[in-house]
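With the hints as your guide, set chain L onto chain W.
Next come the chains, spelled out residue by residue.
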Amino acid sequence: MAALNIEKGTSKHSAYDLRDPHVEAQETHTLAVVVDNEAGVLARVIGLFSGRGYNIESLTVAETDHTGHVSRITVVTTGTPSVIEQIKAQLGRIVPVHEVHDLTADGAAVERELALFKVSGTGNERIEALRLAEIFRANVVDSTLESFVFEITGTPQKVDAFADLMRPLGLVEIARTGVAALSRGAA
Amino acid sequence: MVVQALKDQGVDTVFGYPGGAVLPIYDEIFLQNDIRHYLVRHEQGAVHAAEGYARSTGKPGVVLVTSGPGATNAVTGMTDALMDSIPLVVLTGQVPTFLIGTDGFQEADTVGITRPCTKHNWLVKDPGRLSDTIHQAFQVATTGRPGPVLIDIPKDVQFATGDYTAPEEARVHHYQPRMDGDEAAIEALVSLIETAERPVFYTGGGVINSGPEASRLLRELVDTTGFPITSTLMGLGAYPASGKNWLGMLGMHGLYEANLAMHDCDLMINVGARFDDRITGRVQDFSPGSRKVHIDIDPSSINKVIRVDVPIIGDVGRVLKRALEVWKARGGRTEAEAVRQWWYRINDWRKVDCLAFTESKKTIRPQHALSRLEALTRDHPQRYISTEVGQHQMWAAQYLRFDEPNRWMTSGGLGTMGYGFPASIGVQVAHPDALVINVAGEASWLMNMQEMGTAVQYRLPVKQFILNNERLGMVRQWQELLHGERYSHSWSESLPDFVKLAEAFGAKGIMVSDPADLDDAIREMLAHDGPVIFDCLVEKHENCFPMIPSGKPHNEMLLGENASTEGAIGTSGGMLV
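Chains W and L, in that order, are what the protein sequence lines are. Heads up: the first sequence begins at 3 in our numbering, then just goes up one per residue. Heads up: the second sequence begins at 897 in our numbering, then just goes up one per residue.
So that you can see chain W by itself, here it is in the shape it has in the complex (with noise of 0.2 Å):
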């Protein structure tokens, strides 16, 4: 009787439940996190991500402390508030991994990325990138007749404005760094 209560022939139910429980909205946010600067540690943090299907938006590492061998990771990654909550606890729960900051739970925090724009063109657009670049307070650091390489710092909105004004004028090539953050203050 009641063995046989599902309806046969379809598969209408799973060995699992397969509906997206995730319903709610995307945030972004920017995480700071400290780590021993071991062999395989970055592998450890990007493995998590993959592992459990989080997103990276950007992702910074350098050594910050030679001498306690200290390294700090910015990673920009999106989710819903509960995605974000299990990505800081499951950053924490590697053994290398210091400390999670999640710099834009914490407050003020500021953003910085760098990026390297290669634009060729001749006569008015180049010009034009020129002047451009100048708004954006970008530096020429590399220039022939026919292409300028400008070197832009700011938030990634300011480096994605630039690139959409670039675009039309004859971008070749970007490079960014992706974002390095620090809290606003004294602590």
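Treat the hints with caution; some may be incorrect.
[Claimed, not checked] Where chain W lies over chain L, by a calculated footprint (3+ residues, C-beta under 8 Å):
id, region
1, 1006–1016
2, 1066–1073
3, 1195–1204
[Unchecked claim] Here are the simulated lysine to any residue pairs, SDA-like style, with alpha carbons at most 25 Å apart:
id, chain 1, residue 1, chain 2, residue 2
4, L, K1200, W, A27
5, L, K1021, W, H71
6, L, K1188, W, E26
7, W, K90, W, V102
8, W, K90, L, Y1071
9, L, K1200, W, P83
[Unchecked claim] Computed Cβ-Cβ distance ranges for the label pairs, DEER-style:
id, chain 1, residue 1, chain 2, residue 2, range
10, L, E1221, W, N57, 42 to 48 Å
11, W, Q28, L, R1203, 14 to 20 Å
12, L, G1000, W, N57, 34 to 40 Å
13, L, D923, W, T66, 39 to 45 Å
If you're looking for bench data, these hints aren't it; they were derived computationally from the structure. Note that beta-carbon positions come from the ideal geometry of N, C-alpha and C, so glycine has one too.
Just chain L, lined up with the frame of chain W:
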């Protein structure tokens, strides 16, 4: 140096398999008598045996295997231990440091492959750091939420001489998990205990991992509050099955009364469990009317699946101790009358008798086989049970009763077929005088059957209780219920004659198919002082009930044909059968 470090960590047992890249360590093992090495027949068996050893003793299990295939064969076991939070220290050989990266013979990127399936791992290139790393590895494996760790040791590092660091001089790793629960959260838990009208304890493997004291404290808290208690597959035995507040296991194949209590409670106290999807069913409808408290040592378990009202991060034993102190100091109150009414409802659900079955005169029903195994082994003072994965595992959890922690070894999180036989070997090694039974299905058992060699070599009298339905029973059940009875590749073709197989290994084999012979056959198995393969031919088309189909809430269970539904429908409102 490796062997010295193991000795200083209190290791007396290692499970392993030699190979070119670990020969220097095997040489050291040959030259001493303090550590016993058990030679398995496959590296996966070594890891599961170490898991059985660890789960039944509370001590970390130690594994020693070679590079390349030795390490990759150990991956399944380590993943299993990670999912079930079992402390293991796995030592792997590696090609010499100067060959790493050259695709040398039996080279594999062991730390890369095992990074996601260990709690942490190390490649030791500096002989001066070797002993220090081993001590740290034991610390990481056993503290906080336990888990497997791996140390990859290149062969030239094994040959090198260096300064030995004793455990007390080793660097203290900054990894120091929080042990004591937040005082305000514990006060909040006590307030909820005082005011709850329909409470339930939902406990898991975290209680077992926290140690025997945590089980004792849990029993005290449950018995003094009078609250009902259910447990996950991993937590069986923390509260005795003979205890009066015991509801039985919950979850997909859990008991009717346990799942309905979870669904209708107003206070759920989760102690060391993790809201696994086999427990929650459809999360949106999971226990909709309850305040939820979650005690867990792992912060990432909190709010991962189910949002809770009172999270308490800390060691289960310490939190329970403090909660008991605070509750008693505040007068030890509960809403006793409301809880009594709650028990009336639960007792109505119990009348459904969801595990009832009809014995057959012609074929052995698997429920009957396990009921008889339970009856004939229940009074053994030291009975340990391991299982493989599938229907037999769920029936074992339903029909065998555990009154002590650390007596039940099963692969819960990963669901590893082939786990139970080697695990039973590890348990028997740790407890030479105990009765160790592996409840198995024939398909799971074949996955690591080579370990018969290990059992016979070391005279380990493990009993392999195989419920043989010539099917992948759980797969077959899902195909019947969910895939239109299209039994795609779930039939075990060309099975061996298990009695002859036992004899070929130099062990004893028993085959039984007639229900009338079952008791005598089980007694014969128990009386034999040596490993036994017990081939119990059971009903081939039996389904495992109760069952919550996935994507369904707890109050939409499917029951077996013998359960009595009278009286239950009225009390539980929307209950469906």
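Quick rundown of the hints versus the structure:
no.: 1; hint: 1006–1016; result: holds (count 6)
no.: 2; hint: 1066–1073; result: holds (count 3)
no.: 3; hint: 1195–1204; result: holds (count 6)
no.: 4; hint: K1200(L) <-> A27(W); result: holds (17 Å)
no.: 5; hint: K1021(L) <-> H71(W); result: holds (17 Å)
no.: 6; hint: K1188(L) <-> E26(W); result: holds (21 Å)
no.: 7; hint: K90(W) <-> V102(W); result: holds (7 Å)
no.: 8; hint: K90(W) <-> Y1071(L); result: holds (16 Å)
no.: 9; hint: K1200(L) <-> P83(W); result: holds (11 Å)
no.: 10; hint: E1221(L) <-> N57(W): 42 to 48 Å; result: holds (45 Å)
no.: 11; hint: Q28(W) <-> R1203(L): 14 to 20 Å; result: holds (18 Å)
no.: 12; hint: G1000(L) <-> N57(W): 34 to 40 Å; result: holds (37 Å)
no.: 13; hint: D923(L) <-> T66(W): 39 to 45 Å; result: holds (44 Å)
Of the hints listed earlier, there is not a single one the structure fails to meet.
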